Amino acid sequence: MQSYLEFEKPLAEIEGKAEELRAMARASAEMDVEKEAVALDKKAAQLLKDLYKDLTPWRKAQVARHPGRPHCKDYIERLFTEYTPLAGDRNFADDHAIMGGLARLNGRAVMVIGHEKGQDTQSRIERNFGMARPEGYRKAIRLMDLADRFGVPVVTLVDTPGAYPGKGAEERGQSEAIARSTEKCLKIGVPLVSVIIGEGGSGGAVALATANRVAMLEHSIYSVISPEGCASILWKDAEKMREAAEALRLTAQDLHKLGVIDRIIAEPTGGAQRDRAAAIDSVGACIEDMLAKLSGLGRDDLIRERRKKFLNMGGKGLAA
Amino acid sequence: MNWISNYVRPKINSLFSRREVPENLWTKCPECGTMLFHRELADNLNVCTNCDHHMQLVPRDRFTALFDNGVFVEVEVPLPTADPLHFRDQKKYPERLKAAQKQTGEKEAMLVAEGEIGRTPIVAAAQDFSFMAGSMGMYVGNAIIAAAERAVELKRPLILFSAAGGARMQEGILSLMQMPRTTVAVEMLRDAGLPYIVVLTHPTTGGVTASYAMLGDVHIAEPNALICFAGPRVIEQTIREKLPEGFQRAEYLLDHGMLDRVTHRRDMKLELVTITRMLMGLPPAVMGDLPPPDLPAEEPEPTPEPKAAE
Chain B
1 MQSYLEFEKP LAEIEGKAEE LRAMARASAE MDVEKEAVAL DKKAAQLLKD LYKDLTPWRK
61 AQVARHPGRP HCKDYIERLF TEYTPLAGDR NFADDHAIMG GLARLNGRAV MVIGHEKGQD
121 TQSRIERNFG MARPEGYRKA IRLMDLADRF GVPVVTLVDT PGAYPGKGAE ERGQSEAIAR
181 STEKCLKIGV PLVSVIIGEG GSGGAVALAT ANRVAMLEHS IYSVISPEGC ASILWKDAEK
241 MREAAEALRL TAQDLHKLGV IDRIIAEPTG GAQRDRAAAI DSVGACIEDM LAKLSGLGRD
301 DLIRERRKKF LNMGGKGLAA
Chain U
1 MNWISNYVRP KINSLFSRRE VPENLWTKCP ECGTMLFHRE LADNLNVCTN CDHHMQLVPR
61 DRFTALFDNG VFVEVEVPLP TADPLHFRDQ KKYPERLKAA QKQTGEKEAM LVAEGEIGRT
121 PIVAAAQDFS FMAGSMGMYV GNAIIAAAER AVELKRPLIL FSAAGGARMQ EGILSLMQMP
181 RTTVAVEMLR DAGLPYIVVL THPTTGGVTA SYAMLGDVHI AEPNALICFA GPRVIEQTIR
241 EKLPEGFQRA EYLLDHGMLD RVTHRRDMKL ELVTITRMLM GLPPAVMGDL PPPDLPAEEP
301 EPTPEPKAAE
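Residue numbers (full-length UniProt numbering), protein chains in the order written: chain B, 1 to 320; chain U, 1 to 310.
Just so you know, these hints were derived from the structure itself, not from any lab. Be careful, since some hints might not be right.
[Unchecked claim] DSSO-like mimics (lysine-lysine), calculated; alpha carbons at most 30 Å apart, straight line:
1) LYS91(U) <-> LYS257(B)
2) LYS240(B) <-> LYS91(U)
3) LYS73(B) <-> LYS236(B)
4) LYS242(U) <-> LYS236(B)
Note that this is a predicted model, so its numbers are computed, not measured.
Isolated chain U (complex conformation) (with noise of 0.2 Å):
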């Protein structure tokens, strides 16, 4: 009974998991192309501490930081009819359905929650875009119209956060239903007059866009996110010619009229609530009451990094 006779033989797949590690302590932003510490990206929703490009925050660490001590309840959504077409193309829709499942470890492209923000009492939904691209099956029409059910039911406002390629193809036709069916979550919302607040993230494209994400009451998008109908590729294709810089970006909605504002991610939470707030006829939230912001201080603070020379 010594170590030598109780060895275990290491695993192959130890050996090799274990080589994984390391890669993701180190996240590249893709717009400056600095290496970011995973603690320190994670602490910054996921936005780059050196050029505040938004990356993709999945819908629980976003439910996580919005709602009050990160307490949320899920709201539970009727599952739909599976692989309804049966479609089948180089893999058959199911194994992409348990890969993404596997790879995310969440059951579908959308999440519903209900908690308070700034004490506020609201119900959320996020779309995944590690999720098959973010994209509008059954589920996802299931779980808006659970969502604004869930809403009215108890009076609250929707917040809704959007990122999808579009339609899921692998559901065919009724993928493209879910246009009209999330259009009806939200006249149901309409009708109880209840707020229904947008938040577009990098990317909302296609028929996601031509839905539900372009009836908000409100629309705030976070900074430089594509948002469309046709992507910047296909129309490139039709018009052949370049599109201007920026095009389809946020800020260029923004300029067009299509949404109300532009918001960083850190500044999101109370915007949500002083919009909210005051839509429901609520006084102004006790800031003293809520969890201390991190913002940074205002005065500008000196800027350590060396500037690029021009």
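Looking at chain B on its own, in the form it has when it is part of the complex (with noise of 0.2 Å):
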């Protein structure tokens, strides 16, 4: 079953017309109504087409949380084998909002750490929505330690509303742990490359993805802070999240333009959620090419190339 986000509601319309047509000319073999639903077919993937040919930095903000998107647990499941969940940040507990392992992909082993947002509401709640608390971030920097000192490779996928603002959380310093988690990203001597597959939301994005290479999935977000925060704190409206999306640039394509990202993976027609295995696919196409041409370097090249990447980075604005 298909969910349809509030602009895709007249495509929801055609297809469910021709859905209906079909099922009637299922129910009596008289009728025969398949040039009509073909008509509909058509219609409908033009309109598709017209509608993600241009979509308003909002609209891609829905497309980016959309529930029908490939997940973390999706990728790890397609694209790598012999995936070896690791647990716990050995202090305190075992976040489920990140996870993370060793896995091979095409062969190569590597330490696969991202974001889980669940897909139903039991997974959902167990997961915190992706929301992770200062454990989460720690199992990270524990993994990533772990990675560096066998020489694997570290790939993160990013798909968080942000880091979880709870009681809790700040009590076992979150602000710490993404600190820490940052600072590990930038210590360590193996290739790190991330991909923002969904939602990039804030500190609880960047402790995971101040990588040698980032790419973003086409209709995927990366920001400061949530339209609706910032429309919120700017504007003391909640509703003018649509200006506050425009305002904040935080589509793909801005954030190549201002060299805050390297690579963009398109989408499928529609969105990841329409064709699940192309989009995880291309993901893990543009991996294994980030980890190629990273794989000639050495230890202190690979630091000193991070950080040099980030300390640059802001240099260009973009064009008036």
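Reconstruct the complex from the two isolated chains, following the hints.
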């Protein structure tokens, strides 16, 4: 069952009609509606293409949060073999909002770490909607450290609304955990590549995305604050999220222009949720390519390159 | 040629602006409500003389009090691209910047300086909460990098006074990128084996806490400073319950292991001198050499103020 976003309503209508026609045809053998149904399909396909050709930033934010979009777990299942989850921060708990472990990508051992939002009510609660607590970042630090000591490249998949704003999280040092995770990203002497597959929410995302190479799916977003949060602070009205999304420049296209990300990965027409397998495969191909390009670099080079990349960031603004 | 022919009509401006002066002479302590005379307050480093509430202290005043004889040299900070996103909310970002510059008389939200404290050479950086809530954008990132580079160049410790509402939204993703950028600056100090001491002042929140403010070798906070990642209001909205008294305040963080010390502003300088000298392998400071600390006498003075009936 396809779930539709608000701006996809006209599309839902057409696809619904085609579906109805086919159902009617199945019920009575005499009716031949296939021609009409095919015409509707064509119309729907065209509309889908038009809708997604030029998504506004706010629509992109909605697509990035689409419940049907493939999540970290889906990527791990399809792209990696021998995935061996590793758990816990050795201090307090295992945070299910961040998953990770050793796995092979086309035979090559890597450490894969990512935010997981969950796909149904139960798993969403268990995963805390992808909002990690300090334990999550400390687990990520531990896994990065392990990878570093054994020369295993690290792949991170970013998809989080942000770090969890909770009482316990604050008491256990949410900010320190995020700061240390960013620091660890900058310190490891193995290739670190990151893909923003959905939402790159603020510090919670940076903690995993301070990488040698950062790629973004075409309709994902990456921002210092959510459009709603920004609207309620600067416009004093959370309903101004369209304007805020516009102003924040949170789309992959703008971030690429700003030099914050290195690559944009094209999504299937209508977004990753319409053809999950194809989207996952293109992310896989991109990760492999990014890792291959870094494989010639030694420890010091990798660290130096990563630091330099971030030090130089922001040198150019958007053209007027 | 007499006073009648030379008479200058007073300008409207001067009539109105003069009216503000008496207001500025007195400050009301936001904590206990005591009216404080401005000179007395300034002499006490903006700490309430009645309840010890630490009010904000702008970087220039802080440095004047911190460095020996108030002497320091500003470290130049490379200017970033102005308004990189062409950001506009209800106002244009450059307009907001200009207003802040006019109001504070400062270029941006961070001041970097080098000088001596208790004859100990240091580099210091201080964030200015009065400048757009001290928010961290490209300039603040550049300032911290410049401070770290200067400290490495001079082989001096870096002391950083943090105060910020978080990242500067008007610089969007580029403000977020200051988290890794400033972390690289901290790494430079680590690589050079130089101490990096963070003094967290009220308030230090958001992306600032989640990067350079929590990566110090030593964390000292001013009393009752709010230090957090997510602010209390956001948390209350998320978990829908009232937060305990003192939550996310300096003393609370000390209890939860996030800080080394909570130190009164009047003792801060001496403490920084003591710590940096030990970490830098220097002999103890010769106290007679220091400008006299304006500490109150050790003996508990009889407190004249009437105690509220309990």
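Checked hints:
{"no.": "1", "hint": "LYS91(U) <-> LYS257(B)", "in the structure": "24 Å, holds"}
{"no.": "2", "hint": "LYS240(B) <-> LYS91(U)", "in the structure": "14 Å, holds"}
{"no.": "3", "hint": "LYS73(B) <-> LYS236(B)", "in the structure": "37 Å, violated"}
{"no.": "4", "hint": "LYS242(U) <-> LYS236(B)", "in the structure": "23 Å, holds"}
Of the hints listed earlier, the one the structure fails to meet is number 3.
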